[in-house]
Structures are given as C-alpha cells and as structure tokens.
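Please build the complete structure, drawing on both the sequences and the hints.
Keeping their order, the protein sequence lines are chains E and S.
The letter at position 104 of the first sequence is residue 104 when you use our numbering, and the numbering goes up by one with no holes.
The letter at position 491 of the second sequence is residue 491 when you use our numbering, and the numbering goes up by one with no holes.
Just so you know, the hints here were simulated from the structure itself, not pulled from any lab data.
Everything hinted at is true.
Capping the alpha-carbon separation at 20 Å, the derived lysine to aspartate or glutamate pairs in DMTMM-like fashion look like this:
#, chain 1, residue 1, chain 2, residue 2
1, E, Lys170, S, Asp529
2, E, Lys183, E, Asp155
3, S, Lys263, E, Glu58
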Amino acid sequence: MKKDIILAGVGGQGILSIAAVIGYTALEQGMFLKQSEVHGMSQRGGDVMSNLRISHNEIASDLIPFGQADLIIAVEPLESLRYLPFLSRNGWLISSSRPFNNIYNYPDIEEILNAIRGIPHHLLLDADTMAKEAGSLKAANIVILGASAPFLGMDFELLENAIRFIFNKKGEPVVEWNLRALKAGKEFADLNQRNLA
Amino acid sequence: MQKLLLLGDEAIAQGALDAGLSGIYAYPGTPSTEITEFVQKSKYAHEHGIHSKWSANEKTAMETALGMSYAGKRAMVCMKHVGLNVAADPFINSAITGANGGLIVVSADDPSMHSSQNEQDSRFFGKFALVPILEPSNQQEAYDMVHYGFDLSEKYLIPVLMRITTRMAHSRAGIVRREVRKQNELHLPSDLRQFVLLPAIARKRYKHLLNNHAHFISESEESPFNVYIDGHDSSTGIIVCGLAYNYLMENYPDGKVPFPVLKIGQYPLPKKLIEKMADDCDEILVVEDGYPMVEELLKGYLGIGLKVKGRLDGTIPRDGELNPNILADALGKENTFGLPIPNLVVGRPPMLCSGCPHIDSYNALNQALSTLEKGRVFSDIGCYTLGALHPYEAINSCVDMGASITMAKGAADAGMNPAVAVIGDSTFTHSGMTGLLDAIVEKTPITVLILDNATTAMTGGQNSAAMGRLEDICKGLGVEEDHIRVIRPLKKYHEDFVQILEEELAYQGVSVIIPRRECIVAINKRMRDKFKNKPTATP
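Here is the structure:
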C-alpha cells in the first residue's frame, strides 16, 4: 500500500497534527514514511502545505510529483485549490468549506466552493460546525482527517489509537472531543462518498 | 534498534549527541534552527552538560565552536546559508588553523528561497575554504554522516562542512541510531602554535592544508557516501548530488536506472569515479540542488571538453529547488500533471499576527512620516520585514542582518533627512550594534527603532540576547540618554508614540526609540510551556 498525501491550510490551522496522526498510524503498521513540512516565515498566517508519503516499500523522494497525489486534505477551501496540479486522476480532494479570510483580496467564497464542486472526486464539509458539535472548534482539523479516513487505507481503530496517543498529554477532554470529531468526519464521508460515487 | 521519526535537522542533532558532542553553537535561522533546539530539549544533553545556548550571531558561534575544538572536544556549529557569510571570516581561517576536537559546521541552504533573501550554495564556501564537505540525501545519511564527519575531522584535524537544504532539514523520516560514543576528554593541540595565524605560521599551515587536499580526494573516492552504480545504457551518465538522488530514483519505481549513476555525498569530488563516468559515457547529466557547482567544474568555462548537461544548458532550470518532475523532464520521461490551479486562487503571503506589537509601531511610524516623501525607512531581517507588504508598506529595504542602521546612516550621509532604521531586538544584538556605533561616532542624524518583542520571533521564538539589555547597550555605545525613548506599542498610546517619533525625527543626531511589547506568539507559547516545560528528547 502506498499513499501520497498533500496537506494544505493556513499557518496555525493544524495540518501538522493531521500529519502526526497519519504518520503515527503508518509507523505502527511498520510502513515507511517521508513527510516534508513548511517551517519559518510562512507559518505567520501564510499558506502552508506538507507532503506526506506513506508506503510499505521504501520511498525515494520527499516531494510528491505532480499528478500523483492520492489525496489533497485541506482545512481551508482556497488552500485546497492551490495544490490541484498534484492531484492524481483518481485522487480525492477533501476540504473544509469554511474560509479563513486573512487577506484583503480573498476571492468570493461561492466561486471557490463552485471550483471545488467541479473536481471529479471531492468532499466538502463544514468542519467548524461539526467540530463545535464534537466539543471544540479546535478539532476542525481532525474532522477533516476523519473525512479522509475512508481513503487512507488504514483501519479506523488505528487512527483512533493514534489520536489517543498524540493528544493524551493534553488531557482526557481533548482526547474525547478529537475522537468525536474524527468519527463525525468519517460518518460524513461514508454517507456522501456513496452519494457521489 | 527501533526507528526514530526525525526531521533532517533533528537527525543531525541526534547524530551529534550520539557521536560524543560536547557543545553546539548557533544563531537561529530557518531552516537550521531545529538542530540546536533538539539539543536544547534533550534530557541526555542536560544530564551530560552539553552546551546548547544560542550565540549572539553566527560569527561568535563559529569562533566559540572553534575554541571548544581547540580544547579537544567535539563541537558543532549550525547556521542558515546566509549565516555562513557572517561566519565566513572564522570559517575560512579555521581551515588554516585546522581543528583539534572534531568540528562540524552545518550550513542549511534554501533553494527556492522559502524563507531567505537568496539561494546561495554553501558548497562554494567549503570549496573556497578547502575543507571536506558532506551532503546527505536522506535523514539516515544525515545521522550517519555526523559520526563519519567527526571522525574525518579528527583524522585530519580539519573542520568539516555539512551542507543541507530546506527539504532535507524539514522533512521527516525514520532513522536507526548507533551506540552512543563518550565525549572527548579535554586535550590541547599537540602544537600550541597551530592556531596562531601569524603570517609565518599561517603560510606553513596553508601549505599543510593544500597538501591534505589529495588526501581529501582519496577519502571521497573511498567514501561510503559516493557510490558508482553501473547501468547498461552508457549514452548518458548521471551525477546526482545530495537529494537529487531521490528525485532520480522517484522516476524509476523499480529501482533500476538504465544509465550509470554516480551518487555524490562527499566533496571534494571523487576524481577516479568521475573519470570512470567520463570514460564510460558519451555525455554527463549533472543534477544538483543549488548552484551548478559540479556542472561548471566538469564542463569548464568554454565547454569544449566533456559533454555536460545540467542547469547551464537549460536541461534543468537555472534556479530553484529540484523536484521529481524536473528530473522527469531532464530524462525525457513523460510527466504527469493534475488539474490546473483555477484563476481565482490568489497568493496568501505570511503576515503580522493579529495583536502583533509591530503593527502598532508601523501605524505610528507611517503617521509620523505621512507629511514627508515616502522611501526613507531602512529595515532588517525579522517578522517586521512583513511591514513591507499591504497594508503597511512602511519599509523600503531588507538586505542582511544589521543593514537597516548602516544603510540609514549611508542615506543620511548622502543628505536624506530624516532617515529611519527599523530593526528587531535580536537582530540588533546580532549585527546592529557596530553600525550604531558608526553613527554615534559621527553624530549622524538617524532615527533607529529597535522593535523589542523580547524574542527571536520569526524563527519560532528563541531567546534574544538583547533581553533586558537594550538601553544599557545603547547608552554604553554612546547614544544620549535623552534620545533613548521607550514606548509601549499599543493602540491607546498611539498619539504618544507619534509625538515621540516626531520629536526624534527632528533631532539632528542619533535617536533610538524602543517600542517594547512581547511577541503575541511568544506570550501564548510561554503560557503553554508553563504547563509542560520538561525536556522531551532522550538518548
């Protein structure tokens, strides 16, 4: 099994936490992993992305070639579109529909959502509302991860274990709301993926 | 042994800890910062008294590391590529003095300028200094090379340069550790004049360095990091340096490249292996991240010898970071491409955080200068450089650490009045103090804003050497007390701030205004750390 994943968002939105959960799960299964991150200036509210590659075989490049990403996982709709050249023909784009509007020339959100709706395989969900229902707005990134779960080729229980491991230090309530967020995302994906397929 | 998932930077730090490091010296700079931070967080380093505090700048870091090497212990000094410019003087001379305890200089280049003002290639500095260079292609190699590098350094008593790039520094992969080696005992150089570069001694030392060059080439020829892989199609031979090897292999998922491949991880270049490729192949494709250093060397200025392809003939773009697609193009392989980016997608540049004290400073400065012609504010390297962008558009330069004050002085010398410099607290103690002294000596009319946010913010909030010392430093350098003005940059003090600025802009001498308020990210981090401030990394 091999999955090439582009994670996209704005600095501070928690894409590295998504990467940590998937990465932990991959390592627990004895998989190889390469994950390229953005540090430094871009983290100050700029666009950030991460290349996450997991495979049962050794991985050569830290960077995913154009047209070969199995998944684009985005916590922000405008950012989801920035990396379309990486998406493979059968790849899925999973994105939050909630804009993070910190620039003066942010495009019309309806136009952005329409552009996403034009992509053959996509899931668009209001992660903020779902995260709030799960217990905290902070878990919006984990809602998106949950919605990506059916495409990762990993047992859902393993992802849950990874959430427990990674958020354990932050206390039981944090673990609980993240687990609920993960589940809410997955249920959304299960329902809507069928409708779209 | 179980695999550890580490950033390239962290793999280097772990390698150093396991190879008997006694001290790491650095000034923060993306993408090199995490090397030192890893050692700072290491429980093992704390327990074994391994030095890891930040230095004032890369020059002091390099010199201090050289001092530790003099005393016989293993030292590492880390910086971003432009930091090596700052440390160039001790770096070049350290090749002449040589080392005693193992000394590795890590320079992290930033092809494509993800977080830098240029994409200079540190390998040229290594070549210039005539020291061996190591360039890893993956995190495991980065880890292993530190062990190898310290041994090499002690074998020839020579500093070793380790060149990495952003992609290497900030990419994570599993590594397997080796056994931990003990630190060296304190021991002085056998010749106590080795480090005395008086001309008579320096000439001898330089000859010694030149004589060692042949040995360095032999080491490269025998190195486990330089590998010749045979291929059946000798129409082209491929030389891949560092990460380029990975991008090549990405294009051959079965791992079988039809062409002979020379994988380079150690310099000076392995002569025999290059000769073999030149003999065997009709032409050579050189793939290297950064400048076309190897390519130029093999091609020659006139290009009338070997047939060499690479960045110079357009086979590979002349600038920017490599990737698998560039290799596919260079190899004539079919490239894949996803969907085009819709036209509506706009850039999202980094920006000052909501609540950032610099915002208040720029608002005040813009108002104080509003009646004057624009273009008189010289700035520096830090978060506040973002003041160049919308909506502030408040600064007109960003060149190198400390250049704000000195450029303002130059412009004032030319007749610009008022001339303004905007510099951060940490950048000021890195390289601003000496420039300020120049202005004080001549009583040049400049107004210097030292934006004191109590941290080195842009690189992630490291300690600032300026903390609690700014007024004393300025006074000590000779700024008149009446013209050292401190203000808290908050909306409610905006009018006061503007008035201070207007007064000091009118003053025909050196003024220093210190807007002082802690970085908003640093406050948040401090609050979080309060609850979990314990060392995490273990040996």
